[in-house]
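Given chain A, work out where chain B should sit, using these hints.
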Amino acid sequence: MSSFLLDGFLWRAALGAGLLAAACGPVGCFILWRRLAYVGESVAHMGLLGAALGLLIGVHAVIGTAALAVVAALVMSRASDRTIPAGTFVGIIGHMGLALGFIVLSLLETVRADLLGYLFGDVLALTTADLFGIAAMGLGVLLGMALLWRPLLRNAVGGAIAAAEGKGSPLAQTAFLVLTALLVAFGLKVVGALLIVALLLIPPAAARPLARTPEGMALWATLIGAVSAPLGLLGAYAADAPAGPSMVLAAGALFALIHLADALLARLRPH
Amino acid sequence: MADTQIAERRPGILIAAEHLRFSAGRLVILDDVSLAIHRGEIVTLIGPNGSGKTSLLKVLLGLLRCRGTVTRQKGLKIGYVPQQFAPDLSLPITVNRFLDLFAGKAAGRAALARVGIDDATGERQLSALSGGEMARVLLARAIAAKPDLLVLDEPLAGVDIAGEAQLYQLIAELRDELSCGILLVSHDLHVVMGQSDRIICLNHHICCEGDAKSVVRDPAFIALFGSRSALALYPHHHDHTHGLSAAQGQQDHDHE
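Chains A and B are the protein sequences, given in the same order. Quick note on this note's numbering: the first sequence kicks off at 8 and runs consecutively. Quick note on this note's numbering: the second sequence kicks off at -13 and runs consecutively.
Derived from the structure by calculation, the hints contain no laboratory data. For every residue, glycine included, the Cβ atom is placed at its ideal position computed from N, Cα and C. Some hints here could point you the wrong way.
Said to hold, decoys possible - Using C-beta positions, here's what the derived DEER-type ranges look like:
no., chain 1, residue 1, chain 2, residue 2, range
1, A, H266, B, V14, 46 to 54 Å
2, A, A268, B, D104, 27 to 35 Å
3, A, P177, B, R7, 21 to 29 Å
4, B, S113, A, A268, 15 to 23 Å
5, A, L178, B, Q70, 20 to 28 Å
6, B, R51, A, A268, 44 to 52 Å
7, A, A263, B, A143, 37 to 45 Å
8, B, Q70, A, A268, 31 to 39 Å
9, A, A263, B, D104, 34 to 42 Å
Just chain A, same shape as in the assembly:
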């Protein structure tokens, strides 16, 4: 255990993943409330294509991912049910992105070894520069969410009502998609394109029984996310397992624990 505390890369991994998961909390709440998990997944898949194209033309993977994730998020948010169901459209776009991203990455001879890293993350390889990047992005996302909170919440509770009454704040909705895309971009190195949505989805879902207000749920989600990261790393270290997936498992374990405890308490409570 002593070497766990001494290894610099583990500290960087714990801090980076913790910050990322914490920033995912409030955004993830809206993903849950507005049932956007599927959209988030497709955005993340398109992010993989962005990373691949970034490598192809020689820009940083984070920039490529962010750019394509933003575009994908904007396109998907315009999807309506008029010609084909929006969910089908979103799913098709996302999987096209995943397939094309995989093909482009395979064609780039030099990065063949990193394919797994793009899909499941490579959190132990986080550099100090990555850490600063994640911290800056995370703070930006949290600040943005605080500023957009009221219009976003209004939209999450009664989207059609707000739109009909001229309080739909489309600008806030667009900004929210951009923030989500940023999390996806920075999450690529931490948990990868296949698991980033787990960090958006599981901590808020775990937080639900603990909260009676939207803000309470966001705070708990932030906390649970921040705790899952080091918890997962600890588990990964003990079992010599891959780090990114272990953090997702840790979040899932917290989810199960909290919901189980909640169900038990509900039984014990006098009726």
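Only chain B this time, still in chain A's reference frame:
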């Protein structure tokens, strides 16, 4: 374009629609529908299921795009009660907080009191409400911000019978109090028609339009709802013809 913008030219008109055409695939939902809602009037939209009532409301509210023009009075404040409303169960929010998102705290509490929602219910979770309670809360939310135009899409579905009469009475009072216009979709013909200033009967196109008395005598109304439902609207009329000729019978009574 300029000569069609009725709502901007005439001061009493809150919202006006002209020549709306909307179709989903080959199915024509709205076929050349024009209407205007004035300040201080209750307009009730009736029509069978699938006749385009909700689509028409959505077009007026800007939630649905279609051919034709919709013009609104400048700065028109709308209060909307949708037919369906189900926030996600994963969103923890109390009734009071829900109203606070749309109007001031004091106005929200006052509106809840008027629709018969007590303080304890105000502190309950929105997702834990019954259908009738939710209908009351939605009405309270819509009136809390004192709108110029209330758009109510079957607002009292699930409310008990006693509450229904009270709330329709409240809606009529609000019209006078806020001097707002009210556009109402309802299937409670017997309750609603007596309080409506104007009734619009929609079956993809506007079949007939006018006050309750004239609409129930209209052949188009009778064809849609049957002569019995027309008679049921006026229980105090004595039906001497026993439905043999409903339209004729109604006319006779008017001469009494």
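The hints, checked one at a time:
1. H266/A to V14/B: 46 to 54 Å: Given range 46 to 54 Å: holds, Cβ gap about 49 Å.
2. A268/A to D104/B: 27 to 35 Å: holds, 32 Å
3. P177/A to R7/B: 21 to 29 Å: Because 26 Å falls inside the window, the suggested range holds.
4. S113/B to A268/A: 15 to 23 Å: holds, 21 Å
5. L178/A to Q70/B: 20 to 28 Å: holds, 27 Å
6. R51/B to A268/A: 44 to 52 Å: With Cβ atoms ~48 Å apart, the hint holds.
7. A263/A to A143/B: 37 to 45 Å: holds, 38 Å
8. Q70/B to A268/A: 31 to 39 Å: holds, 34 Å
9. A263/A to D104/B: 34 to 42 Å: holds, 38 Å
The earlier numbered hints are all upheld by this structure, with none contradicted.
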